[in-house]
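J.: Read off the chains here:
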Amino acid sequence: MENLIANFNYVIVVILMMIGLWSMLAQKNLIKKCIGMAIFQTGIILFFISIGAKRGAKVPILTGDEAPVVEQLANPLTQILMLTAIVVGVATLGMALALAQKIYRQHASFDEDEILENQRK
Amino acid sequence: MMPSLPIWQFDLPLLVLVVLFAVVALSIRNLMGAAIVFGAYSFMMCLIWAGMGAVDVAFTEAAVGAGVSTVFIVSTIYNTSATMKRRPGGMAFKLFIGVVVTVAGGFLLSALPDFPDWGDPNSPVNATVAPYYITHSIPDTHVPNLVTSVLADYRGFDTLLETVVVFIACIGIYSILRIEPARTSIDETDEEIAAPASYDPTDSLIVRQASRFMVPFMQLFALYVIAHGHYSPGGGFQGGVILGASLILLAVSFDLKFLLSRWREKSLMLLVATGVGLYAAVGLACLFMGGNFLDYGTLDAVLPGKQDMARSHGILLVEIGVGITVMFSMLAIHINLASNGRLERGL
Chain A
0 MENLIANFNY
10 VIVVILMMIG
20 LWSMLAQKNL
30 IKKCIGMAIF
40 QTGIILFFIS
50 IGAKRGAKVP
60 ILTGDEAPVV
70 EQLANPLTQI
80 LMLTAIVVGV
90 ATLGMALALA
100 QKIYRQHASF
110 DEDEILENQR
120 K
Chain B
0 MMPSLPIWQF
10 DLPLLVLVVL
20 FAVVALSIRN
30 LMGAAIVFGA
40 YSFMMCLIWA
50 GMGAVDVAFT
60 EAAVGAGVST
70 VFIVSTIYNT
80 SATMKRRPGG
90 MAFKLFIGVV
100 VTVAGGFLLS
110 ALPDFPDWGD
120 PNSPVNATVA
130 PYYITHSIPD
140 THVPNLVTSV
150 LADYRGFDTL
160 LETVVVFIAC
170 IGIYSILRIE
180 PARTSIDETD
190 EEIAAPASYD
200 PTDSLIVRQA
210 SRFMVPFMQL
220 FALYVIAHGH
230 YSPGGGFQGG
240 VILGASLILL
250 AVSFDLKFLL
260 SRWREKSLML
270 LVATGVGLYA
280 AVGLACLFMG
290 GNFLDYGTLD
300 AVLPGKQDMA
310 RSHGILLVEI
320 GVGITVMFSM
330 LAIHINLASN
340 GRLERGL
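Chains A and B, in that order, give the protein sequences. With numbering that gives the first Met the number 0 applied, the first sequence corresponds to residues 0 to 120, in that order. With numbering that gives the first Met the number 0 applied, the second sequence corresponds to residues 0 to 346, in that order.
Simulated from the structure, these hints should not be mistaken for lab results. What you are looking at is a predicted structure, and each value in this text was computed from that prediction instead of being measured. Heads up, a few of these hints could be off.
Derived DSS-like pairs: lysine-lysine, alpha-carbon spacing no greater than 25 Å straight-line [claimed, not checked]:
id, chain 1, residue 1, chain 2, residue 2
1, A, Lys27, A, Lys120
2, B, Lys84, A, Lys27
3, A, Lys120, B, Lys84
4, A, Lys101, B, Lys84
5, A, Lys101, A, Lys27
6, A, Lys101, A, Lys120
7, B, Lys256, A, Lys101
8, A, Lys101, B, Lys265
9, A, Lys27, B, Lys93
Kindly generate the complete structure, drawing on both the sequences and the hints.
T.: And the structure:
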């Protein structure tokens, strides 16, 4: 139990990824699928930030002239990986929305079943 | 504070709230509502990351996740429909997916005890390469913001290719939405959505004047974020997104025509490519000066200062390139999504 609370954010990461995956697979609406994809992505980002965090550490910006203490600064590496991932994430979200909009242009619907029915015709 | 507790006291309630927002965003039947709740979700997430010391990431998420991506979803909905069809049945399928997802989550949870403790400074992630960046940033590059120096210098290749991904996504959206033959019969959705003549939302004097007043300050702040990214949270990505958002605000509060009369489509795409080109050109310049690709230290012959200052200036040049690409690709993605690829009128 103590381990569960100490690692609570990992549990939340798994729950967010489950929610996102469920939404991508089970939801019929394309926009909801896109939102599910974005939630899955933020789950992964939360995971990276969590493993890079340090207890009682400061933000990784140096002040003054004294030499930096490694234990007292958060890990910058995981942060930059996720910083770029967020911006790429919004670009891919835009891409997914563009595809959804194009599908709507053809089928006048976001509903997966209706689109499939339309295609069989 | 007990050592076994999380690093930040508000983390537990915020993490629970995040899950709650995620569930609400996915269960609301109105898509516009879902988009707004998703924006709130992103904002909660950004608070959590700020609490863990990742201020740059939180800044990016506040600008991108809570800001621009909500606008993207809203402008897609504007051109399509905001209602979901209520369909009976399908419970068996949803339950099946639920079981699959639960099994997958169970496997992930079973790996939980193997993770290092939350906030352990001696975990493999924190103890291998990261200390080098922390201790060498000032002597190597003269940049106090470690995130900026790692982003643009030590991991320059990574950032270059991420910028290229944004560029490619922008081109992809253009080729998906923009290229279209003559109008089809289905393609008349915007006529019924268009507001009646008595109420034209783009004609609101207050909104126009307020955004006219806000936009210059947003742009000034964004330029500060790019230029001051060496010393404070910020950099090319955040500043570029804010610059893009200021132009998106113009497009939303006036109308798309107003914006496109100032920024032509062709010049937008040229500028998107210019940013990536500037980044790559700095890398190539290093190559010509006898160093490795993106090794800014060799630029000290042309840039002022010694080798560490040359790396600092090289980072600034690269961040400007990133800012240009991100700014105009956000704008290009928005105008395509908002006008359904026609670039005539839209949100």
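J.: Take the hints in turn and mark each one as holding or not.
T.: Evaluation of the provided hints:
{"no.": "1", "hint": "A:Lys27 x A:Lys120", "verdict": "holds, 19 Å"}
{"no.": "2", "hint": "B:Lys84 x A:Lys27", "verdict": "holds, 9 Å"}
{"no.": "3", "hint": "A:Lys120 x B:Lys84", "verdict": "holds, 20 Å"}
{"no.": "4", "hint": "A:Lys101 x B:Lys84", "verdict": "holds, 19 Å"}
{"no.": "5", "hint": "A:Lys101 x A:Lys27", "verdict": "holds, 17 Å"}
{"no.": "6", "hint": "A:Lys101 x A:Lys120", "verdict": "holds, 19 Å"}
{"no.": "7", "hint": "B:Lys256 x A:Lys101", "verdict": "holds, 22 Å"}
{"no.": "8", "hint": "A:Lys101 x B:Lys265", "verdict": "holds, 22 Å"}
{"no.": "9", "hint": "A:Lys27 x B:Lys93", "verdict": "holds, 10 Å"}
Against the hints set out earlier in the document, no violation occurs for any number.
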